[in-house]
Amino acid sequence: MDDMEDTTIFSTLKSFKSLISGPDHSLLETEPAYGRSDLQKLYTKRVELEEAAERVRSHTSLLQLTQEKQQMELSHKRARIELEKEAHSSSRDLQREIDRNRELLLKIRRLEEREEKANQALNEQMENNKALKRNLEELHKKANVKDSKLTEADQMISELKDETRRLNQKIQIQESKFSTQNLEIQALQEQLDVQRKKYQDVSQRYQNLQSSHSISTESELKMKELERRLALQEQDSVIVKNMKSEMVRLPELEREIKRLREENCFLRETKENNSLLKEETEGLRKKLERVERVMEEKLKAELEKEKLEQELQAWENIGQAAGLNIRKPEDLSREVIQIQQRELNLKQQNYTLNSRKAIDEVAQTQAGAGHLKAKFLELKLVLLYVGQERDGMRAILESYDSELATSEYSPQLMFRVKEAEDMLQKVQAHNTEMETQLSKAQEEAGSFKLQVQMMTAELEALKEQHVSNAEKNTLATAEEVSSLRQKIEELEAERQRLEEQNNILEMRLERHNLQGDYDPVKTKVIHLQMNPTSIAKQQHAEEVEQLRLECQLLRDRIRKIEAGGGVTKDDTTLIIPPSQEILDLRKQMESAELKNQRLKEVFQKKIQEFRTACYVLTGYQIDITVENQYRLTSVYAEHMEDSLLFKSTGPVGSGSMQLLETDFSRTLTGLVDLHLFHQKSIPVFLSAVTIELFSRQTVT
Amino acid sequence: MSKTLKGITLKGSAELVAEFFSFGINSILYQRGIYPAETFTRVTQYDMSLQLTTDAKLKNYLTNVISQLKEWLFDCTVQKLVVVITCLETNEVLERWQFDLECDKTFFLPDQCKYESIQEEIRSVIRQITATVTFLPLLETACAFDLLIYTDKDLEVPEQWEESGPQLIDQSEEVRLRSFTTTIHKVNSMVAYKRTNST
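For the protein sequence lines, the chains are G and R, in the order given.
Under the working numbering, the first residue of the first sequence is numbered 1, with each subsequent residue one higher.
Under the working numbering, the first residue of the second sequence is numbered 1, with each subsequent residue one higher.
Source of the hints: derived by calculation from the structure; they are not laboratory data.
A few of these clues could be false.
[As the list claims (entries may be wrong)] Among the chain G residues that face chain R by a calculated CB cut under 8 Å, a handful are:
hint	residue
1	PRO532
2	LYS537
3	GLN538
Yeah, the Cβ is synthetic: ideal placement off N, Cα and C, and Gly gets one too.
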């Protein structure tokens with residue numbers, strides 16, 4: 001603004017100068033134009049000057065105005081700034097006021113809350129107050145009640161006191177009565193004594209009486225016993241007489257006994273003999289039976305013999321009848337054998353035939369079959385022959401049977417029938433065998449036929465092969481070669497496998513060998529018995545054992561030391577040599593203990609003496625049962641439990657005692673009142689009690 | 001055993017092998033620390049310095065075994081000699097030094113059987129034994145050793161000897177070492193040791 005002012009000022013100055021110089025120029029330029037023009041010029045100059053001055057004035061006024069304006073503006077601005085500042089400050093004040101307001105509001109609220117709480121507390125307090133007041137009232141009431149009760153109790157007390165006074169009076173009256181009665185008692189006691197004496201006399205007499213009674217009873221008993229004994233003795237005498245008579249008989253009895261014993265032995269022997277004889281008889285009976293059986297059998301055998309002889313004759317007759325040159329059964333068997341031989345021959349022929357067939361298969365199959373057939377027919381013929389023979393035999397048998405018609409029909413017949421049947425069966429068996437052989441032969445023939453056919457087929461095949469061999473020669477060889485190659489490859493593979501296995505096994509063997517394995521069949525392992533390892537192991541074990549023992553001993557020692565606390569008199573192997581101080585202290589300890597012991601003994605003895613002296617002299621045994629309590633038992637006490645208890649009151653050593661109530665003391669209430677309450681002397685009381693007890697004890 | 005020995009007899013071979021075993025066992029005991037090193041003294045054998053024990057009991061034991069072994073070598077009835085090293089506390093077998101013996105009974109005196117070559121071979125074997133100690137696991141606990149001899153089944157067991165088990169190692173690693181031969185006896189050496197858990 002100031003620059004603006006300055007520039008305006010400079011600009012105005014410049015313009016003024018230019019103005020001034022302008023007219024000068026104009027003046028200078030127009031210098032030659034003299035004359036009127038000078039006045040005009042002057043006038044124009046003046047006018048111009050005045051205009052210029054006016055302009056200048058206006059300028060200055062403008063400037064001033066502008067300055068004033070600027071000043072105004074400045075002042076405006078300042079005012080504005082101030083206003084703004086004021087506004088800011090006022091706004092800040094506002095904000096502060098607002099914050100304060102808020103705070104105050106919060107405070108107000110808090111205060112209100114506190115008020116409320118206080119009110120609540122107040123209310124609660126009021127309630128508590130009310131409750132307390134109520135309690136108070138109740139307590140007051142209770143107090144009143146109690147007061148009333150108290151007053152009542154006081155009244156009661158006063159009444160009781162009156163009563164006690166009355167009772168005391170009564171007691172006194174009664175005491176007087178009691179004393180009078182005591183006197184009476186004494187009198188009565190004297191009478192009692194007299195009575196007792198009488199009673200004793202009477203009792204003595206009574207005892208005498210009783211003793212005499214007992215004596216009499218005893219004597220009576222003795223008498224009875226003696227009478228019994230007498231009776232027994234009489235019985236005994238009778239018995240003795242009988243015994244004597246019996247004794248006389250003794251020798252006879254002995255003789256009889258001997259005789260009887262001899263008889264006994266004899267009888268026993270005879271008994272044995274009897275048993276033996278019985279066994280013999282049994283044996284003989286059995287023999288008899290056997291012999292009888294044998295006789296029967298003999299008879300039977302003779303009968304059979306007769307039968308067999310007859311049969312033989314019949315068989316011989318058969319031979320004659322049949323014409324087969326049969327005289328003995330051997331001939332029959334021979335015939336049979338012959339038949340069998342024929343059969344064998346047939347069989348052999350069969351076999352030969354079969355063998356021939358086997359040899360001549362290819363050429364003579366049909367001829368063989370024809371042969372077979374021929375043989376088959378032959379065999380059939382043989383069969384027929386054999387059958388005919390059989391029939392013949394059967395006929396013979398039948399004829400034989402028919403011949404025989406007389407005695408012993410059925411058993412012989414049966415026997416013969418059996419034989420015949422046996423023969424039949426044999427022949428049948430032969431038949432079946434022949435038939436089976438025939439069938440076999442047929443089968444063989446069939447099989448041979450088949451073989452022949454096969455052989456012919458093979459022959460043809462071989463012939464074909466021969467024909468085609470030339471063609472297929474190369475193929476066969478190629479096939480063979482390929483098969484052989486395959487085999488070779490397989491074998492090679494196996495060989496490789498086996499080689500690998502072998503290698504592996506060898507490696508394993510090697511490994512085991514390295515490790516130290518061995519074949520127990522071929523080798524054994526030995527070493528010296530006293531070898532360093534065993535010695536070292538032993539030593540090790542011994543060391544360990546020793547260490548263990550040491551450990552144990554140390555542990556025991558430690559335990560004892562901890563428990564005992566010093567002197568250990570055990571036999572530990574580790575003995576620490578005790579120092580001189582320790583020995584001295586030990587000796588001192590021992591002497592102190594001995595002193596202690598002796599003092600205790602002496603003290604014990606003295607106390608015992610004192611106590612016995614007290615007991616004897618005063619008549620009371622004083623025991624301290626509980627602290628400050630003393631129990632006194634009198635010498636003349638009737639029962640063991642009768643005792644008086646005294647308690648020490650006041651400081652120790654003052655000697656003030658009080659009697660405590662016991663059962664015994666309740667029986668001595670008179671003495672208690674007299675000596676303790678009135679006279680207040682314990683020794684007097686005690687001596688009174690002793691006198692009392694003494695008087696009770698001795699009633700003389 | 002002079003160096004000018006031309007051929008070698010069965011007796012000579014047996015003595016050679018027995019001598020080898022004596023020194024070999026001493027080396028093993030020294031190297032593995034079974035006995036303390038101060039109980040060994042240095043001797044010269046096979047043109048090298050070897051350790052020999054001075055402990056009287058041990059010496060006695062070794063001479064007993066070796067003398068018996070010599071007899072058996074002469075009879076060709078021994079198949080193996082084994083040095084078994086056991087741990088005293090756990091009674092486990094930790095190492096096994098096994099020497100296999102092959103006896104060529106059809107011995108014949110060969111033309112050239114030089115004592116020097118045999119000695120050279122024995123030297124290499126003993127050197128190898130010393131070298132194997134480098135890879136064998138440490139024997140940390142107190143150990144004791146035992147000598148086992150594998151013989152033919154029908155051999156008569158002498159008085160102070162007894163039969164025993166083979167005392168094999170459970171889970172072992174085996175290493176085959178060099179062998180040497182005197183043309184009558186061939187000795188193969190190997191060592192088996194217990195596999196440690198870290199390996």
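Results of checking the hints against the structure:
1. PRO532: holds, 5 Å
2. LYS537: Where the cut-off is 8 Å and the nearest Cβ of chain R is about 6 Å from LYS537 of chain G, the hint holds.
3. GLN538: violated, 10 Å
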